[in-house]
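Q: One-letter residues, chain by chain:
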Amino acid sequence: DVKVTQSSRYLVKRTGEKVFLECVQDMDHENMFWYRQDPGLGLRLIYFSYDVKMKEKGDIPEGYSVSREKKERFSLILESASTNQTSMYLCASTGFSYEQYFGPGTRLTVT
Amino acid sequence: QKEVEQNSGPLSVPEGAIASLNCTYSDRGSQSFFWYRQYSGKSPELIMSIYSNGDKEDGRFTAQLNKASQYVSLLIRDSQPSDSATYLCALEGGGTSYGKLTFGQGTILTVHP
Chain A
350 DVKVTQSSRY LVKRTGEKVF LECVQDMDHE NMFWYRQDPG LGLRLIYFSY DVKMKEKGDI
410 PEGYSVSREK KERFSLILES ASTNQTSMYL CASTGFSYEQ YFGPGTRLTV T
Chain B
1119 QKEVEQNSGP LSVPEGAIAS LNCTYSDRGS QSFFWYRQYS GKSPELIMSI YSNGDKEDGR
1179 FTAQLNKASQ YVSLLIRDSQ PSDSATYLCA LEGGGTSYGK LTFGQGTILT VHP
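Sequence order for the protein chains is A and B. Numbering-wise (the working numbering), the first sequence opens with residue 350 and increments by one. Numbering-wise (the working numbering), the second sequence opens with residue 1119 and increments by one.
These are computed hints drawn from the structure, not numbers from a lab. Yeah, the Cβ is synthetic: ideal placement off N, Cα and C, and Gly gets one too. Be aware that a few hints might be false.
Some but not every residue of chain A turned toward chain B, in silico, with C-beta under 10 Å [unchecked claim]:
hint	residue
1	K367
2	F369
3	G389
4	R393
5	F397
6	G407
7	P410
8	Y413
9	L427
10	Q434
11	M437
12	G444
13	Q449
14	G452
15	G454
16	T458
Restricting the straight-line Cα-Cα distance to at most 16 Å, the calculated cross-link-like pairs of lysine to aspartate or glutamate (EDC-like) are [unchecked claim]:
hint	chain 1	residue 1	chain 2	residue 2
17	A	K420	A	D377
18	A	K367	A	E421
19	A	K352	B	D1145
20	B	K1185	B	E1133
21	B	K1160	A	D387
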């Protein structure tokens, strides 16, 4: 079974803090993705990576950056957290079949 | 811009009935199609993938794909209260998309006893 894990289920941070969200997959997948999900807005792609050190912007990259130093790990960074970044953050990975497998999600609250 | 349209629902069916969830899409180049189930507060879980025209069955779930008409559907037979969730349709466009999926907004399904 594909296993995608995320570092925290719940996180509370203050405005202006730098926030790191970690994602690890154990299936040797090439592609990894970060989404945020908000009520009424659906899943929105923030960034994705198709190889180590390679990244591409998704639909809403502003205010975020990513890092992929190892194939199994993909990190999302909020450079200076703001209240409008309060959301559910979901990491996913995919192999050759394009079936995306999601981690359990991190519910981030920025106060 | 790929678009995926789903009826947001809620779709309410009695226990034991067939639930029918539909999805239409705009990009004729789409090659791979997926259905995800998402329980409230949880992450999406892949339940079906379909790549060619026709039906694909897996237990109580049947996915149907019609590329000419640009729709994909999910049938849930013998619906159970535990099937109550949001169902997301997603598609992958092929080419150098790196496996990016376009998701619909989801259909809320409620199965009542």
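Q: For each hint, tell me whether it holds in the structure or not.
A: Hint-by-hint comparison with the structure:
no., hint, verdict
1, K367, "24 Å, violated"
2, F369, "19 Å, violated"
3, G389, "8 Å, holds"
4, R393, "9 Å, holds"
5, F397, "6 Å, holds"
6, G407, "8 Å, holds"
7, P410, "14 Å, violated"
8, Y413, "16 Å, violated"
9, L427, "19 Å, violated"
10, Q434, "18 Å, violated"
11, M437, "8 Å, holds"
12, G444, "8 Å, holds"
13, Q449, "6 Å, holds"
14, G452, "6 Å, holds"
15, G454, "4 Å, holds"
16, T458, "14 Å, violated"
17, A/K420 <-> A/D377, "7 Å, holds"
18, A/K367 <-> A/E421, "23 Å, violated"
19, A/K352 <-> B/D1145, "31 Å, violated"
20, B/K1185 <-> B/E1133, "31 Å, violated"
21, B/K1160 <-> A/D387, "13 Å, holds"
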